[in-house]
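Peer 1: Each chain is listed here by its residues.
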Amino acid sequence: MQASDRGSTAETLRRLTVAFGEFEGLLDQTPLIRRLTGGRFELSHYQAFLVAHRQQVKDGALWMARAASNIDVGHMELRSLLLKHAVTEHRDFRLLEDDYAATGGDRRVIETAEPGVGSEALSAWMFHEASRPNPFGLLGAMWIIEGLGSIKAAEWGRLVMKRLGLPGDAVRFLTYHGENDAEHIEEFRGMLDMVLPDPAVADRIVKCARVTARLYALQVEEITA
Amino acid sequence: MGLRDVFITGAGEFLPGSPVPNARIEDVIGRVNGRSSWIGARALRWNGVQTRHYAFDSAGRATHSNASMCAEAVRAAVGDAGLQARDLTYLAAATTQGDLLVPGHAAQVQADLGVGPLEIASFQSVCGSAVMAAKAAWLNVRAGEHQTAAACAGEFSSRWFRPSFYEGTALIDGKGRLRPEADYLRFTLSDGAGAVIMEPRPRPEGPSLKVDWMEVVSLAHQFPPCMWAGGAPDAPDARQGWSLAGPVAGHAAGSVALLQDFDLLKRIIRAWIGVYLQRVDEGRIRPAEVDHLLCHYSARSIRREIVSLLEATDGMIPEERWFSVLSEVGNVGSASIWVMLSRLLRSGRVKPGDRLLCIVPESGRALVGFMMLEAV
Numbered sequence: 001m002q003a004s005d006r007g008s009t010a011e012t013l014r015r016l017t018v019a020f021g022e023f024e025g026l027l028d029q030t031p032l033i034r035r036l037t038g039g040r041f042e043l044s045h046y047q048a049f050l051v052a053h054r055q056q057v058k059d060g061a062l063w064m065a066r067a068a069s070n071i072d073v074g075h076m077e078l079r080s081l082l083l084k085h086a087v088t089e090h091r092d093f094r095l096l097e098d099d100y101a102a103t104g105g106d107r108r109v110i111e112t113a114e115p116g117v118g119s120e121a122l123s124a125w126m127f128h129e130a131s132r133p134n135p136f137g138l139l140g141a142m143w144i145i146e147g148l149g150s151i152k153a154a155e156w157g158r159l160v161m162k163r164l165g166l167p168g169d170a171v172r173f174l175t176y177h178g179e180n181d182a183e184h185i186e187e188f189r190g191m192l193d194m195v196l197p198d199p200a201v202a203d204r205i206v207k208c209a210r211v212t213a214r215l216y217a218l219q220v221e222e223i224t225a
Numbered sequence: 001m002g003l004r005d006v007f008i009t010g011a012g013e014f015l016p017g018s019p020v021p022n023a024r025i026e027d028v029i030g031r032v033n034g035r036s037s038w039i040g041a042r043a044l045r046w047n048g049v050q051t052r053h054y055a056f057d058s059a060g061r062a063t064h065s066n067a068s069m070c071a072e073a074v075r076a077a078v079g080d081a082g083l084q085a086r087d088l089t090y091l092a093a094a095t096t097q098g099d100l101l102v103p104g105h106a107a108q109v110q111a112d113l114g115v116g117p118l119e120i121a122s123f124q125s126v127c128g129s130a131v132m133a134a135k136a137a138w139l140n141v142r143a144g145e146h147q148t149a150a151a152c153a154g155e156f157s158s159r160w161f162r163p164s165f166y167e168g169t170a171l172i173d174g175k176g177r178l179r180p181e182a183d184y185l186r187f188t189l190s191d192g193a194g195a196v197i198m199e200p201r202p203r204p205e206g207p208s209l210k211v212d213w214m215e216v217v218s219l220a221h222q223f224p225p226c227m228w229a230g231g232a233p234d235a236p237d238a239r240q241g242w243s244l245a246g247p248v249a250g251h252a253a254g255s256v257a258l259l260q261d262f263d264l265l266k267r268i269i270r271a272w273i274g275v276y277l278q279r280v281d282e283g284r285i286r287p288a289e290v291d292h293l294l295c296h297y298s299a300r301s302i303r304r305e306i307v308s309l310l311e312a313t314d315g316m317i318p319e320e321r322w323f324s325v326l327s328e329v330g331n332v333g334s335a336s337i338w339v340m341l342s343r344l345l346r347s348g349r350v351k352p353g354d355r356l357l358c359i360v361p362e363s364g365r366a367l368v369g370f371m372m373l374e375a376v
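Protein chains in written order, with the numbering used here: chain C, 1 to 225; chain X, 1 to 376.
For the record, the hints were derived by calculation from the structure and aren't laboratory data.
Some clues are possibly wrong.
[Said to hold, decoys possible] Capping the alpha-carbon separation at 27 Å, the derived lysine-lysine pairs in BS3-like fashion look like this:
hint, chain 1, residue 1, chain 2, residue 2
1, C, Lys58, C, Lys207
2, C, Lys162, X, Lys266
3, C, Lys152, X, Lys266
4, C, Lys162, X, Lys175
Full structure from sequences and hints, please.
Peer 2: Structure follows, in structure tokens:
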């Protein structure tokens, strides 16, 4: 017996929170993050991090827009929200490029870098999932990626500045996130309420969160410099 | 013999001396370089402690040892159970730091208790050591190995907080101030001990608590040390610790001090919540069925975001069911859970059938202990 009904918003949010905890565990064990937390982090590592993230951030708004286009008329409100998100975020990859340039890197390097294996896998998975009819599972992917933005990014940004002594304008992508966590949860709960309760949808959302977490961690794991 | 039900039949505490209010903390533990702390007030606002106890008198002499406080708590607990210390056949003792580096804490407690021969076990961790010792006592009685077991836990944290531990070391900054990672704990931890008695049957009079389950979950594979002593302040790494550097060089490097990494603590709090919600999701913890929650973190010290998250996931246990004596007795580390339990049992608030959930988070290297108890 569970504290709340199968497939409810509360139960799903709980499973997603556990999944996010596992994701943090995966990230903390990647060589790059170990360097960052353990103090052996150099400028080349940060630059490689920016390069590796550009593709995924660039694709983020695109898969969100594709997902919105596959949402039926029964869920117009969710479609609107995804489209708004896509508009808000579709230029974010420029921040990564600016940060890269602010560290003294050559813009052409980040603009033309070939995506890594992890980035390819993550991107392919997102577009695949977004191409399904009513791709509600992607809410799980958003939970992971936005959680990363609101929880981990600021933490990493502070560490990067501390370790490398960089000015704020070289760490904008990491530090401009980190808005209020409580608001983030509230907004996300609203989106879940649009598709739940439904045990099958809930399972897909959690599954999608886990796959996204795994592939994202793979992308970070691959970053070498 | 199959596995037996086990009951907590007595609980006791020992807090040395009289309560020390916030304004007098530094009169007892001392002022580093003769100056008042600049972060003490902030630490106290965050932890919410009003009074605590120290095993030092006003002249700075130790009034007790960690072991003698534990022995007093065990005497109080056996008395509460209607037994005598000589009825014990098993003693599990927990602490963050025993009086001596060698031998083990349990041997020192037994010696102060003055009973034996006994089977003993020492558990060294931080707050969670209390649950490790309790689990050993529970399983020993459950398996039929012992009839009357005691689990105790004690701390003499304030020893670490005297100025000589910091002065002239790398923990003092250019302005002569103590680093916050060290100073914060001086206003957070204090001294005392607690104990429980376990038997395969309830006591004849008064409430007993049937042990439903106990679990200790460590996430040390994911985190570096968050609260430590013995390692250098910027790199709690055994290779640079006091034990290799030697006591004099170790002291100079700031390795002979208790330290806390605050940024890491925030991450670890999220990890604790993750473990807790996983237990809720598995149905092992049902928040709606918990009548009393004992946790030595105050609800006010948990950030608003975490409370919203717990509420949104049906994981929150309403604040009126949280029982805490933190503000009066201070944070006595591993002893906290037994001091709380002993006071809850004496409060008359526990009715037969009530379910008690004890949560013991340990920041040391990210560990959390759980105990589920049912009043009979």
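Peer 1: Can you name, in rising order, the numbers of the hints this structure does not satisfy?
Peer 2: Of the numbered hints given earlier, the structure breaks none, since each of them holds.
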